[in-house]
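Asks: Each chain is listed here by its residues.
Protein chains: 2
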Amino acid sequence: MKKKKAYAAAGVDIDLGNRVKQELPALLAATKRPGVLGKVGGFGGLFALDTRRHRQPVLVSSVDGVGTKLKVAFAVGRHDTIGQDLVNHCVNDIVVLGAEPLFFLDYLGAGKLEPRVFTEIVRGFAQACAENRCALLGGETAQMPGFYAPGEYDVSGTIVGVVEKANLLDGRHIRPGDVLVGLESNGLHTNGYSLARKVLLDQLGLRLNRRVPELGRTLAEELLRIHRSYGPLILRLLRRFNRPDARPAIRGMAHITGGGFIDNIPRILPAKCDAIVRKGTWPVPPVFELIQRGGGVEEAEMYQVFNMGVGMVLVVAPEAADGILRAVRRTGLPAWVIGEVTRGAGRCRVV
Amino acid sequence: MKKKKAYAAAGVDIDLGNRVKQELPALLAATKRPGVLGKVGGFGGLFALDTRRHRQPVLVSSVDGVGTKLKVAFAVGRHDTIGQDLVNHCVNDIVVLGAEPLFFLDYLGAGKLEPRVFTEIVRGFAQACAENRCALLGGETAQMPGFYAPGEYDVSGTIVGVVEKANLLDGRHIRPGDVLVGLESNGLHTNGYSLARKVLLDQLGLRLNRRVPELGRTLAEELLRIHRSYGPLILRLLRRFNRPDARPAIRGMAHITGGGFIDNIPRILPAKCDAIVRKGTWPVPPVFELIQRGGGVEEAEMYQVFNMGVGMVLVVAPEAADGILRAVRRTGLPAWVIGEVTRGAGRCRVV
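Respectively, the protein sequence lines represent chains P and D.
According to the numbering used here, the first sequence holds residues 556 to 906 in order.
According to the numbering used here, the second sequence holds residues 556 to 906 in order.
These are calculated hints, taken from the structure and not from any lab test.
Only true hints are included.
Straight line, CA to CA, 27 Å or less: simulated DSS-like cross-link-like pairs of lysine-lysine:
1. D:Lys720 with D:Lys587
2. D:Lys560 with P:Lys626
3. D:Lys720 with P:Lys720
4. D:Lys560 with P:Lys834
5. P:Lys576 with D:Lys827
6. P:Lys576 with P:Lys626
7. D:Lys560 with D:Lys667
8. P:Lys560 with P:Lys576
9. P:Lys626 with D:Lys626
10. D:Lys667 with D:Lys626
11. P:Lys720 with P:Lys587
12. P:Lys560 with D:Lys626
13. P:Lys720 with D:Lys587
14. P:Lys576 with D:Lys626
15. P:Lys667 with D:Lys626
Here are the in silico distance ranges between beta carbons for each label pair:
16. P:Pro589 with D:Asp605: 16 to 26 Å
17. P:Pro589 with D:Arg795: 33 to 43 Å
18. P:Ala585 with D:Lys827: 27 to 37 Å
19. D:Ala704 with P:Gln758: 19 to 29 Å
20. P:Val906 with D:Gly701: 28 to 38 Å
21. P:Asp800 with D:Lys827: 50 to 60 Å
22. P:Arg791 with D:Arg610: 26 to 36 Å
Even for Gly, the Cβ is constructed at its ideal location relative to N, Cα and C.
Produce the entire structure from the sequences given, and follow the hints as far as they go.
Replies: Structure representation (structure tokens):
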């Protein structure tokens, strides 16, 4: 009989960790893209930057988690969407600056490694990385006994992308008169889940596996809808509408995450501009109305917690708005003019 | 009276989060280095790569956590060392490939944000980043009610560095006859804490705040000793001993983390080489003997869980070993010849 090792008895099983990781190479290989060097298992992930394509490369990076959306995944035992949420969230955060994703690294903290769950999570990372042409370059899986409740875990991820310095979109080109184009979200994305779960599950007493007529699906399906990636679409729009040596038609973009329009649009506004978002210019999806009514949440707070049906806002030149709207809608994604830029003080108002 | 907001009642306070983050800009500014662009609060961190210095730049990245060392920090309420542990660990993971650190991003997941604790943690990140000339370029702080026990949190961090492709140290130059030089660790660094805590606290019943004669300090002081960064030293050694257009004198390096010599040295070994680590060629610090004796842990397992007093192994040309040893020791850091490379099958043996 094999002797139980001391480290395993303390809750950490190195061999188990290594066994679980055997599936990794195939999953990672599926996300390979030009630039990826080296092998899995080295100390660091390697990515060769193509300096012929990038003469003044600016690396754009972002780190994120998925928050308490994880609790919904735990409750229904579905783990392949979380990685997609996280990668797509990260992609959106750097693509708003004009950057093309290069690579992504994940962190997974858990009490005890469940091989099936681990593989499902990583499969989600790998799928979304491949869809965004982003290499899954590395990851860390921490076995932390006594840290996470049984069956629970936390994930975080970091993305690195690149943009040519002259094409960096930091909002400096935004002027009064510019138009706000909103792109449809896919539900809550990854924000506001603590409030949403409290209202829907605790206050309204809805069940995750029960169909909700207003939503046309089960509550779990609604709450696990995957954070949409706007990455490939936006990179195509930038290539088509922002020409080198001209003032860009797409002047800035805001990923609508925690803090909603109110906190996110000002991140790209010049100090002397305000953004006006006009309610009623797009359809607010039923899940938000359910939360607002069910929880008696003030409308103002709804707009500071949730995306309210708009996952991405493009600030565009007025003369380009129609062409951009058409180009977006042609892909099947609903989009609307949801407001405009005025003189102001760097704030966003929802009216 | 101010009305309590629904999101705050659900355990998430956006305003609190924003207040806590007011200290961030000053802390991050202290880590600024050439290349850093943009401002805190944008969607992504910006770093301009200098393509005059880097003609064939390879980006080297790594993600890590600090494991259950956090439990010791929680127990004694000390939070400024954890960030240093994490940054230094990440720096070591990329410097072994020859890479110079560029920037770091952190993730902090917590149940409820404690402003004092948050500031202490970030101060640790900022201090270590500054010491390693690495920009603290961004971070994510997730308030996840009901996820972490009160007063607890998890951290992870991702580092990105750069190395000129011709200088990438991936172990391919290692040959039989090369010498292993070990650099002293600063205690446990960040590995094996689940086992160490189980033996020292549960089995031996030692108290964290009590002085342990063999250790010459309290147990908490011993267990919170900061993971040493070898980054600045190794970058200096590489500049001095590895000349362009010659076979490098420093042929590969292994950061001794979870898995010890046994799992980490093979990561850089060519398929036809073995590494022999000779016990008794360096002094094993008393904390490891305490764990081994106290827990009745087999010696073989000790060497697969802990660093045993050696935090970094350099594989060097035999004729360069003396010069490298002298150069390391001159900085005050103990170092020893701890073994050699032989013909073999890509394995490490401790004899």
